[in-house]
Amino acid sequence: MSDMLHVENVAKAFTLHTQGSVTIPVFEGVEFHLNSGECIALTGESGSGKSTFMRMLYANYTCSSGSINVFHDGTWLDITTASPHAILDMRKRTMGYVSQFLRVIPRVPTLEIVAEPLIALGTARDAAKEKARDLLTRLRIPERLWQLSPLTFSGGEQQRVNIARGFIADYPIMLLDEPTASLDVQNRATVLALIDEAKLRGAAIAGIFHDHDTRDAVCTGSFDVTSFKVGAND
Amino acid sequence: MTQNNTPLLRVSDLTMMYGDRVGCRNVSFDLRPGEVLGIVGESGSGKSTLLRSISAQQEPTKGVVEYHTRIDGIRDVYQISEAQRRLLMRTDWAFVHQNARDGLRMNVSAGANIGERLMAVGDRHYGNIRAAAGNWLGKVEIAEERLDDLPSTFSGGMQQRLQIARNLVTSPRLVFMDEPTGGLDVSVQARLLDLLRGLVHDLNLAVIIVTHDLAVARLLSHRLMVMQGGAVIESGLTDQVLDDPQHAYTQLLVSSILQN
Chain L
1 MSDMLHVENV AKAFTLHTQG SVTIPVFEGV EFHLNSGECI ALTGESGSGK STFMRMLYAN
61 YTCSSGSINV FHDGTWLDIT TASPHAILDM RKRTMGYVSQ FLRVIPRVPT LEIVAEPLIA
121 LGTARDAAKE KARDLLTRLR IPERLWQLSP LTFSGGEQQR VNIARGFIAD YPIMLLDEPT
181 ASLDVQNRAT VLALIDEAKL RGAAIAGIFH DHDTRDAVCT GSFDVTSFKV GAND
Chain W
235 MTQNNTPLLR VSDLTMMYGD RVGCRNVSFD LRPGEVLGIV GESGSGKSTL LRSISAQQEP
295 TKGVVEYHTR IDGIRDVYQI SEAQRRLLMR TDWAFVHQNA RDGLRMNVSA GANIGERLMA
355 VGDRHYGNIR AAAGNWLGKV EIAEERLDDL PSTFSGGMQQ RLQIARNLVT SPRLVFMDEP
415 TGGLDVSVQA RLLDLLRGLV HDLNLAVIIV THDLAVARLL SHRLMVMQGG AVIESGLTDQ
475 VLDDPQHAYT QLLVSSILQN
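Protein chains in written order, with this note's numbering: chain L, 1 to 234; chain W, 235 to 494.
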C-alpha cells in the first residue's frame, strides 16, 4: 500500500457576503491519509460536511488554510495552491469523481458521455466505446438508450451513467459520493463489485455511503469528519 | 488540453479608458493552446471592451497584448504592421460575434461566406474552395445543398453555425467569441454548445468566450474570469469559481441563477 493522498492541517470556512458577510467555520486541523488499495468511508451525520470535505479533495472547493497533497504524475501536487491547469490534469489522469449529479451538454449520446474520460486519456475511440458498452451492459442500461442523451433518463439510470463514466478509466484515486443511492439491489451489487475490482487493481478510494450494508461490504476503514468540525472538541 | 505550457496569448496590465470612464482596467492573464477561458459578468462590466482590446480591434489605453505567432514567435499585436495584424486576424484568429449578421456577409451565398476567408489567405482554386466550403457546412450540420443559398434564408441558429464555419475554415488557433449563444432559443443553444465543444476539442482551439450565461461558461470553459466595473475581481478553475465563489459579487452572480 502506498500513500496516494494526504491532507494536512486543513481548515475550511464559508463567508457568505450576500447574507451579511456571516462566516461559517466548517473544519479545522483536518488530517487525513488515503493509501492505494483501501476504501475509506467518510462518515458523520447529515449536514456534518462529508460532501464539503469530498469536494475539497477534488479541488472543487477551496481550503482556507492547510494543504491537500495528491500523488500525481510521479510527484506530490498540493491542490490548494496548484494552478488550474495542474488541477485539470490531475483530474484527467489521477482522480476520478462520481458525483450524485449528472452535468452534461444536452443532445450528447450516453455512450459518448461514458467513453469521454477514456478518450481524453488518449485511448482510441473504438476501444473506449467498447469499454463503455461493457460498463453500460453491466449496469443494466438498455442498449436502446445508449444513443440518447441521459438527461431524459430516470434518476436511477442517470446515477448509473455517472458511475459508468466514473469507472471507465482506471484512476489511481477515486471519490464516490453516494454511488449506490437510488439503486435497486441488483445494480447496487454491480457497483459494489466495481468498487472491489478498483480496490484490487490498487485504487485509493474515499466514499460517502448512505447505508451501513454498503459500507460494511466494501470499506476497509472509516473517517469521521465530525471530529474535525469547528468546536467539536470544546 | 495539450500539455504545452508556452502561452499562446499573454495580456499584461491592460487598461481601456473612454475619456474618464473605465472600460476595463489592469487585466492580466495567459492563455495556452487548447485552453478555453470564460469571461463572465453583468452588462457593462467591461467584458466586451476587454475582448475588443485583446483581439486587436481597439487599441488599449495602456498595457500589452502579446501573441505567439506561427512564424515570428512572440509579437506585440499593437506593434506589428497593419498588414501583419490583418493577416493574423484572418488566418490565425477568428471572431464569432453574438449577432451572426455582424460576422457574415448577408448578400453573398453561404459558400462564398466560407470561401472568402480562404481566398483572403491566397487560395485561388475554385474547386478546392467550393469543396472546403461544402465540407465545413457539413461540420456545422448544415445540408451541403444549401451552399448556394443566401444566409438571409437561414434560421438564426443556422446563421450562427455558418458564422462559425466561416471563421474556422482557415484553421485558426485562437477564437474570440462574444455571447455566441445569446439570442438563440434553448434547443438551438444546446446544439451549438455541443458543436462548439466538439470543435474546440478536435481542433485544439484556444478560446476566449464572453458570456453572461453561467451554464454556458461552465460547460465550455476550463478557467473563468469574473468582471465587475471593468476589473477582474475573481478568477480560477471554472467549477471552483462557480461552486465556491469567494468574492461578494461572484456570490451574488451565482446565487441569482434560477434553479431548475
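For the record, the hints were derived by calculation from the structure and aren't laboratory data.
One or more of the hints may lead you astray.
Stated by the list, open to error - Using 20 Å as the maximum straight-line C-alpha spacing, the simulated DMTMM-like pairs for lysine to aspartate or glutamate come out as follows:
(1) L:Lys129 with W:Asp428
(2) L:Lys131 with L:Glu116
(3) L:Lys92 with W:Asp306
(4) L:Lys199 with L:Glu157
(5) L:Lys129 with W:Glu293
(6) W:Lys373 with L:Glu112
(7) L:Lys129 with L:Asp78
Claimed, not checked - Taking CB as the label site, the calculated pair distances span:
(8) W:Gly356 with L:Gly74: 57 to 65 Å
(9) W:Gln291 with L:Glu130: 46 to 54 Å
(10) L:Leu16 with W:Asn362: 57 to 65 Å
(11) L:Ser64 with W:Leu321: 46 to 54 Å
(12) L:Gln147 with W:Ala354: 37 to 45 Å
(13) W:His481 with L:Gly74: 30 to 38 Å
(14) L:Ser65 with W:Leu321: 49 to 57 Å
(15) L:Thr15 with W:Val298: 32 to 40 Å
What the hints assert, rightly or not - Which stretches of chain L does chain W cover? Using the computed rule of at least three CB atoms under 8 Å from a CB of chain W, they are:
(16) 81 to 89
(17) 176 to 189
(18) 204 to 213
For glycine and all other residues, C-beta sits at the position ideal for the given N, C-alpha and C.
Hints not upheld, ascending by number: Checked against the structure, the hints that fail are numbers 3, 4, 5, 7, 8, 17 and 18, while the rest are satisfied.
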